[in-house]
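In order, the protein sequences belong to chains A and B.
Using numbering that gives the first Met the number 0, you'd call the opening residue of the first sequence number 0 and step up by one each time.
Using numbering that gives the first Met the number 0, you'd call the opening residue of the second sequence number 0 and step up by one each time.
Read the hints as simulated data drawn from the structure, not as lab findings.
Errors might be hidden in some of the hints.
As the list makes no split between identical chains, a pair holds if one copy fits it or if it spans any two.
Stated by the list, open to error - No more than 30 angstroms apart at the CA atoms, straight line, and that leaves these computed lysine-lysine pairs for BS3-like: (1) Lys219 / Lys115; (2) Lys114 / Lys45; (3) Lys156 / Lys363; (4) Lys194 / Lys115; (5) Lys92 / Lys232; (6) Lys225 / Lys295; (7) Lys363 / Lys225; (8) Lys115 / Lys221; (9) Lys115 / Lys204; (10) Lys343 / Lys321; (11) Lys140 / Lys174; (12) Lys194 / Lys114; (13) Lys156 / Lys221; (14) Lys1 / Lys227; (15) Lys363 / Lys57; (16) Lys45 / Lys1; (17) Lys343 / Lys361; (18) Lys45 / Lys219; (19) Lys406 / Lys92; (20) Lys127 / Lys140; (21) Lys169 / Lys194; (22) Lys314 / Lys219; (23) Lys219 / Lys127; (24) Lys314 / Lys92.
Number of protein chains: 2
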Amino acid sequence: MKAWILSIGNELLNGHTLNTNATFIAENLFNIGIDVTKIICTSDNKNEILAILNEAYKETQLVIATGGLGPTTDDISKDAFCQFFNQKLVFNKNVWHNIGSLFSKRNIPISELNKKQALVPEDAIVLKNQLGTAPGLVLRKNKFVLIALPGIPFEMKHIFENEVIPYINKNFENKSIYNKTFLFSGISESLLAEKLYDIDNILRKNNINIAYLPQPGIIKLKLYYKNKCEEDKLINNFISFVNTYLFDYLIYDDDISLQEILGLKLIQANKTICTAESCTGGFIAHQITSIPGSSKYFLGSIVAYSNEIKTSVLKIPSVTIKKYGSVSKEVVEIMAINARNMLKSDYSVAVSGIAGPDGGTKEKPVGTTWIAIAGNNFCISEKFIFGNCRIANIERTSNTAFVLLIKELNKIIK
Amino acid sequence: MKAWILSIGNELLNGHTLNTNATFIAENLFNIGIDVTKIICTSDNKNEILAILNEAYKETQLVIATGGLGPTTDDISKDAFCQFFNQKLVFNKNVWHNIGSLFSKRNIPISELNKKQALVPEDAIVLKNQLGTAPGLVLRKNKFVLIALPGIPFEMKHIFENEVIPYINKNFENKSIYNKTFLFSGISESLLAEKLYDIDNILRKNNINIAYLPQPGIIKLKLYYKNKCEEDKLINNFISFVNTYLFDYLIYDDDISLQEILGLKLIQANKTICTAESCTGGFIAHQITSIPGSSKYFLGSIVAYSNEIKTSVLKIPSVTIKKYGSVSKEVVEIMAINARNMLKSDYSVAVSGIAGPDGGTKEKPVGTTWIAIAGNNFCISEKFIFGNCRIANIERTSNTAFVLLIKELNKIIK
Numbered sequence: 000m001k002a003w004i005l006s007i008g009n010e011l012l013n014g015h016t017l018n019t020n021a022t023f024i025a026e027n028l029f030n031i032g033i034d035v036t037k038i039i040c041t042s043d044n045k046n047e048i049l050a051i052l053n054e055a056y057k058e059t060q061l062v063i064a065t066g067g068l069g070p071t072t073d074d075i076s077k078d079a080f081c082q083f084f085n086q087k088l089v090f091n092k093n094v095w096h097n098i099g100s101l102f103s104k105r106n107i108p109i110s111e112l113n114k115k116q117a118l119v120p121e122d123a124i125v126l127k128n129q130l131g132t133a134p135g136l137v138l139r140k141n142k143f144v145l146i147a148l149p150g151i152p153f154e155m156k157h158i159f160e161n162e163v164i165p166y167i168n169k170n171f172e173n174k175s176i177y178n179k180t181f182l183f184s185g186i187s188e189s190l191l192a193e194k195l196y197d198i199d200n201i202l203r204k205n206n207i208n209i210a211y212l213p214q215p216g217i218i219k220l221k222l223y224y225k226n227k228c229e230e231d232k233l234i235n236n237f238i239s240f241v242n243t244y245l246f247d248y249l250i251y252d253d254d255i256s257l258q259e260i261l262g263l264k265l266i267q268a269n270k271t272i273c274t275a276e277s278c279t280g281g282f283i284a285h286q287i288t289s290i291p292g293s294s295k296y297f298l299g300s301i302v303a304y305s306n307e308i309k310t311s312v313l314k315i316p317s318v319t320i321k322k323y324g325s326v327s328k329e330v331v332e333i334m335a336i337n338a339r340n341m342l343k344s345d346y347s348v349a350v351s352g353i354a355g356p357d358g359g360t361k362e363k364p365v366g367t368t369w370i371a372i373a374g375n376n377f378c379i380s381e382k383f384i385f386g387n388c389r390i391a392n393i394e395r396t397s398n399t400a401f402v403l404l405i406k407e408l409n410k411i412i413k
Numbered sequence: 000m001k002a003w004i005l006s007i008g009n010e011l012l013n014g015h016t017l018n019t020n021a022t023f024i025a026e027n028l029f030n031i032g033i034d035v036t037k038i039i040c041t042s043d044n045k046n047e048i049l050a051i052l053n054e055a056y057k058e059t060q061l062v063i064a065t066g067g068l069g070p071t072t073d074d075i076s077k078d079a080f081c082q083f084f085n086q087k088l089v090f091n092k093n094v095w096h097n098i099g100s101l102f103s104k105r106n107i108p109i110s111e112l113n114k115k116q117a118l119v120p121e122d123a124i125v126l127k128n129q130l131g132t133a134p135g136l137v138l139r140k141n142k143f144v145l146i147a148l149p150g151i152p153f154e155m156k157h158i159f160e161n162e163v164i165p166y167i168n169k170n171f172e173n174k175s176i177y178n179k180t181f182l183f184s185g186i187s188e189s190l191l192a193e194k195l196y197d198i199d200n201i202l203r204k205n206n207i208n209i210a211y212l213p214q215p216g217i218i219k220l221k222l223y224y225k226n227k228c229e230e231d232k233l234i235n236n237f238i239s240f241v242n243t244y245l246f247d248y249l250i251y252d253d254d255i256s257l258q259e260i261l262g263l264k265l266i267q268a269n270k271t272i273c274t275a276e277s278c279t280g281g282f283i284a285h286q287i288t289s290i291p292g293s294s295k296y297f298l299g300s301i302v303a304y305s306n307e308i309k310t311s312v313l314k315i316p317s318v319t320i321k322k323y324g325s326v327s328k329e330v331v332e333i334m335a336i337n338a339r340n341m342l343k344s345d346y347s348v349a350v351s352g353i354a355g356p357d358g359g360t361k362e363k364p365v366g367t368t369w370i371a372i373a374g375n376n377f378c379i380s381e382k383f384i385f386g387n388c389r390i391a392n393i394e395r396t397s398n399t400a401f402v403l404l405i406k407e408l409n410k411i412i413k
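Model the full assembly from the supplied sequences, consistent with the hints where possible.
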């Protein structure tokens, strides 16, 4: 089955808001076998919304729309939907009750404008919004279905998972998509594509799609297919190929993040970790702790952004910093060793680099980064030269640190 | 002038990749006065791309497309563009030279597939890609212009800023957009909208648009308008209104992030800061250090994720943790005071909470969060009950900490 996603909001078209909603919906529809063939962002403009609904009515069977259901004057989606589906707005007691209890729980006075949110198209199926004031709506015209959701991401997600997925599974026939993901590091996208050129062609001819998804420091390769039985043999051939010819670059063979892989490996090895961060400023610790349950293996971090803290807290001799500079093999290794001793973890990772945009020199240009890993009786370190973009450098340093840690853990797991 | 953004890539439609490119382009076009009226994501499918180009040709004058210019088999954008603009692909020496020098600098072998990237439509203006292998392309058919860029975000951004903006400014007449932004905290979107209801109506009647952009813990309110002279009086009236009736909720009156505001205030007050983080796991430090130049005022952070580190590094007496729990006024205040003493900063912020999804109790449900701020001879703290979503809780804690710090700094600046 095919679907469109319609994202409504001026804030999307003027770049003030990143459209995370469309990506979330697309991924969830994809996983239950619904092909999203188009994502359209349009403004809070009734005529534009109507034009897109008319086109969608001809081209697809399902539209998931988000945005424009709020209480403010720029929220006009409901009017457009009423016109397209030939509906009147009626006051809905349940929705009003939900809004009332939400406001009293948060102890904030209810506003007159919120009454507008209790108005819903007369024939709409109302999807309860447990986290906010605007409910979801399902509207139908012959075989064409529109599901409209509020634009606030966490409200939308909650309704989508609890109401929309069950509704779709009940009302549409769809077939799950299978996928197999590989994570590579240390190889360029083009070289990887060249090595896979022949086998890639065979897969495509057999309805197995292959996608290259480069991210800072890693490449995600994703195969997806609809018929599990028929295509399993080809997938297994591909796995053998990867294990034979690309094993050195293979980090993992499932679609989870590097910090999740690290977490699984640490749990498997029953080891703990800490970080000592300079240029990443806490980002590595944040990435690790974004995973629920990370307290099982992550103890903490010393973010030593200033040299004074490298000396006073991490006990790096100031002569060492003076002699080698804070972005050096010598300093980063002591950071790793001392953080590990101080926080009493099995492993530690330390990073020190020049994230940019300033601070580069001829010998150490912006992007120069040292990463060290310390464990029981060892400390290794490696130098990298990343690029000129501060945010990308921080992300690439973090990903590279995770890859090095995972490789180190693989030594004791296997 | 009006434009469309065309984002090409299966990875966007199946939700594997967040479309940050479209948001970046939209914001940059908006700032130079070009209205993006539609953003369309489509698959790596030649017929789909052609259909959209045909529609765009009728509806708009400029399309910025991204994606599908890479070396792999799923990259077919160039074929579609050649067909639409009736062009042949020709080998471009400069592009090939650029690819060669890029690979030799990184010391990786050049792949046969990269040769494909040196093929460009015969009449295209080539926009140099200094950071990657796929160049940008400008193609024209009568008054209709397509600018095609690679999909890798940092490459796209670099070409956009260095080549596309100058090209647009040179070739199109466009008029800058003015905007005025306010950041509010401690008020709901609906109550804010109600308080602004009358003045909002007046602004809209006078071609001043107003957008409510809620983010975790704050609401961004943005006015934008095209005629500076004519509308300045109305904008000034609005500013007076906000200062008179909404001053208690106003955090800042410009469009910068909370961590940038904090940075400016710290520089203005000539003060330094550190953080002691439990539930945010380094996120606050990361947010602060995502700003270039933050080393001027940020010294470092102790991420004390485990209770052992709260005791061993931050010297919280273990009896205090046992008696009150680590998510408590008592613990978070000692965290703030001790981190400030240890890292020798003027201010410190400490947070301890239950980010979820597990770890909540009846007395302290998921979302319970304590935030403390310590300075010279004072320590204040406040309890918050956020929601059930781990990532949102981390973000909301960080934003709330920034708001409290900014308010504290305002006391000594004014």
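Exercise. Of the hints given before, which are not true for this structure?
Worked result: 5, 6, 7, 15, 17, 19, 21, 22 and 24
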